[in-house]
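Trainee: As a plain string of letters, each chain reads:
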Amino acid sequence: MSARRGGTLHHLVRSPRGAFALAVLGLLALTALVSLFWLPGNPNQSNISEAWQSPSPTHWLGTDSSGRDIASRLMAGARVTVLVVLGAAIVSGVIGLALAVVSALGPRRLREPLIILIDVLIAFPTLLLAIMLAAVFGSGLPVVVASVGIGFGVQIARVVRAELRQINAEDFILAAKAAGLSRWAILRMHLLPNTAPVFTVQLSLAMGLAILAEAGLSYLGFGAPPSVPSWGLMLEESQAFISIHPLVVLWPGITITLTVLAFYLLGDALREAMDPRLRFGGRRDGGERNDLGDRSEA
Amino acid sequence: MIRFLAVRALTLLAGLFLASLIIFISLRLLPGDVAQVIGGTSASPTQVEAIRERLGLNVPLPLQYLDWLGGVFTGQLGSSVVSGTSIAAEIAEKAQVTVPLTFYSLTIALIVALPLGVFAAYRRQALPSRVLSVLGVVAAAVPAVWAGLLGIVLFSTWLGWLPSQGFPRDGWADPLAAIRSLTLPALTIGLIEGAVLFRFVKSATLSAIGAEHVRTAMSRGYTRLGALVRHGLPGVGLSVISMLGLQIAGLLVGAVVIEQLFSLPGLGRMLVFDVGQRDLIKVQSTLFVLTAVILALGALVDVVHRLIDPRLRVEEQ
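So the protein sequences, as listed, match chains A and B.
FYI, the numbering for the first sequence is 1 to 298, going by our numbering.
FYI, the numbering for the second sequence is 299 to 615, going by our numbering.
Take the hints with a grain of salt, since some may be wrong.
[Unchecked claim] Heads up, incomplete: computed chain A residues facing chain B, CB under 8 Å, no partners named:
| id | residue |
| --- | --- |
| 1 | L27 |
| 2 | F124 |
| 3 | I150 |
| 4 | V260 |
| 5 | Y264 |
[What the hints assert, rightly or not] A few chain B residues that don't get close to chain A, going by computed Cβ distances all over 10 Å:
| id | residue |
| --- | --- |
| 6 | A471 |
| 7 | I477 |
| 8 | T514 |
[Stated by the list, open to error] These stretches of chain B come out as covered by chain A in the derived footprint (C-beta under 8 Å, 3 or more residues):
| id | segment |
| --- | --- |
| 9 | 552 to 565 |
| 10 | 592 to 599 |
FYI, nobody ran anything at the bench for these hints, they're computed from the structure.
From a predicted model like this one, the values you see are computed outputs, not experimental measurements.
Note that the Cβ used here is the ideal one computed from N, Cα and C, for glycine as well.
Chain B extracted, bound-state conformation (with noise of 0.2 Å):
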């Protein structure tokens, strides 16, 4: 266990690294003037110096990579070129939008997937089956800002029961007020992620039904739902989890375009304003944090499925 714990610590270091660079190298050396980029093209050649001299872009890069780097691991993120506000304080800002509503959207997500999913694998010929499948295929192919539209229609237009867009201007002052006007985006990515969970949950209870234990569990005097209650779903509870890292990263990314669509102000939409404003560095660091979060998560789920998977634990004796 140890052995794996260190082998996995190091591979997210090496991941965190090489993300790390390729983020630094994609906004740093590939726009060729970073403080031009900034500037735009109507600033004048004294402005540019000035900018260039205030963000430290005339050390050399090698310097300027690792400045960043011991910035990103202190917590020292800098300040914004543009609104000259702290960048670590925006992020922790956005991210009180931004993580509950993932957080939100993968309860929604479960919630739907994980019933129905067992549901269609055990009663395989039954209508109600046949039909969840062909949703789940069909919900999968919708695009999200499209199932947000609808959603805004009925629920809100026609409705009437959910706000249309933003987020209370106070917060979470009032926690009823902030989660109503984060349901209708939640349902959206929940639904749509849920959709994808619920087929791979399918296809990952077929295989319980059909596997060696659980028919010998049967033929032991279980019922078929006992023994694929019993023998056939901590198997798939464990294949549900080993999924969930990548499933965060999809909600995260879905968050993106859905807090434009519904003006919340969270990362994403923070995201996409900042790269509108050529503001470089604040972008730089803000995908850095979002991809160091995606890849923390994904070890994080791989120790857990360690820990509680005894199969793991056998084949590592």
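In isolation and in its complexed conformation, chain A is listed as follows (with noise of 0.2 Å):
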């Protein structure tokens, strides 16, 4: 199992949308670390009289329109940033996982009713829910991490039922209850980890689209509070004085885009990486078809 593990990292490195994946999401971490015990600015003072200046070797990237540093702001806002992403992993992934389990394998009675369930809540908008949260228990990141959990949570159940349900009718899994192996040791010894390609490319989906949700909703007014450094509360920021300094709204805009990115290029990469069959030969045309093969089984 860690030989094979160790080579997909090694096939992840040396794709260049791996290593770029890697390299982007690595310094993401990083400046997100760095930000707890320095920064170059405080990412929170306004001074007035420092507002709109342009980049200097104290202010990195200029100030903003109350003159706070946004190189800082960037670098803090990176902390919001890993805390939605992490925070969206592991809430859809739970929820994604318990369900496509119970709704692939479990009591029959319990099936079609779950499926259903997950056909509604896929219907129903992530940015709906979190605005429903919001109505609730009023704004703020929880609000974003609970809905995009949610949200992605099913989709990824969707998904891999999907998966789960076809490994199921392998020969190998036929021959594993015939030598008598236990449903919970072919969940754990065959199933699970034949279903972990697919679920780990549908989670680093979520965590890129979990930052442009948390974007939407901070501009929104649903997300991070005023006193918090987000990205998107950045872009919301730049709005106003966009006529006048509008080259302001490039930074946050950037910096998202380029996170996002990573993640769906990580995607793309663990997919071939982790496929044995697209590793060798035919490699652009596999992994490219896999796109439709996510939407096969409704």
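Assemble the dimeric complex from its two separately framed chains, guided by the hints.
Mentor: Structure below.
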């Protein structure tokens, strides 16, 4: 097992997309970590006399409308992003896996209602879910994590469920049953490891989408509170001055796009690195056709 | 076919029921005392009691639920707690911005995604195709708010072609002015959703080019392009149609953020405003109307797909 995993990482680093993704995400994690101990300036300290400064050695990316250091705010914003991404990944991973296993292999009477529930929740857009939660519990990052976690959790459930059904019909599962393995052992030893590639790819997609959701929700005022520097809030703050200082809008936008892109590419690269059939020959075709495979079973 | 319609109608009803239950439970049960939430922390006990009386919150919950559900199906959604206006009338009014915006952006997404997606698959190795594919991935990673802001800077601030904010006060009285103010928002949503659709069209076309029936057509003397157009693209079109339900849902939701960004008086902006006002009753009805539309569109797309896809008809027999 460990040898295979080493193989996956090896292939990941060697593909250009994987290397790019790992570099950007490594930088993100490092920035978030460093920002806990050191920042080039105070991300929250307003100083009107220093508003709208151009980039300089003291203010690497200049200052915003209230004279706050943009580079420091971006770095501190990385913390929010890492928090939201990890939270969303855990919540959606747990929900997705649990729903998938029960709706694919659970008691027959539970399956049908669960499938309808998954379908309804998929039709219920994440953003509306977030607005509903914000209306009830008030705004904040927990609302973002919960709504994104539930919203992408059901997406993951649908894809992983299809995969589980397919693998469950294979001969080696029948052989395992014949050999006397318990259902739990089959799930743990055969079914879950075989869905791992699909699951991780979906999870990395969900992490990328979580960042976009945080940006949108914080922009609408349902996410990070104004006292917490977040990339989505920085977009919102730049809007009022966009006709006078259009360039300030660039920094948070570029940062968000690069990070989301890194998660997308990580998913692509993982798919290739973890699937031996894609590793050898027919690389691109197989990889791209899998885009459709996600929706093949409803 | 009748069997299919019956089953689909039943799952739609089950879905609507489930959605209404989720929304009702979340907005009536979870907050604890709805009247207190609506009144705010500064409301006196008598004020809270008055709100409770006015909204019928003293009635047992199952009755409240049935009352609300009955209202939804007869179009009697009651009136807003905060402004006192009729909720149904306001939803109908705001839909006049959101619905055209959604279809405007859908048109843009289709115009961009269909030809470019087919081209990028057909001439896969050509430089423009490679550039398009990279652009498609990058565009799907761009936050909608940022794309909108960049659009404002480019088309409004620098070029001055389009208005940066707002919607004509008299609505569609001047259709041209209305369309002009919806253009930048529609471009923003349409291009981002178009990038997602582009990738879908491209992979569908790629599998069509590799499909056996298309190869067979070529062996019978069709050119590569001829075989793709005659035998490959109809299938691609059908896959795109099956995707449309999800796409329209995505566009509708994209409108929530974009309406805020461009100050458009649509359903999304109303929803965000009402949440800020803690108008839970109105939020509940608006959320259900939006979800019902999305579920119904999904069902409609399934039925249309079934009607025009001959493969599904064969399967049924």
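Trainee: Give a verdict on every hint.
Mentor: Verification of the supplied hints:
For A/L27, the suggested interface contact is broken, since its CB lies about 16 Å from the closest CB of chain B, more than 8 Å. At a threshold of 8 Å, the smallest CB-CB gap from A/F124 to chain B is about 6 Å, leaving the interface hint in force. With a cut of 8 Å, the hint placing A/I150 at the interface with chain B is violated, because the nearest CB-to-CB distance is about 11 Å. The closest approach between the C-beta of A/V260 and any C-beta of chain B is roughly 4 Å, which is under the 8 Å cut-off, so the hint is satisfied.
Hint status for A/Y264: holds, given a least beta-carbon distance of 6 Å to chain B, under 8 Å. Interface exclusion of B/A471 from chain A stands, the closest Cβ pair being 28 Å apart, more than 10 Å. Consistency note on B/I477: stated as away from chain A, and its beta-carbon is indeed over 10 Å from all of that chain's, at 23 Å minimum. Here B/T514 stays apart from chain A, with its beta-carbon at least about 19 Å from theirs, past the 10 Å limit.
With 4 residues bearing a CB less than 8 Å from a CB of chain A, the segment 552 to 565 of chain B meets the requirement of three and the coverage assertion stands. Coverage of the segment 592 to 599 of chain B by chain A holds. Counting CB-CB distances below 8 Å, 3 residues qualify, and the rule asks for three or more.
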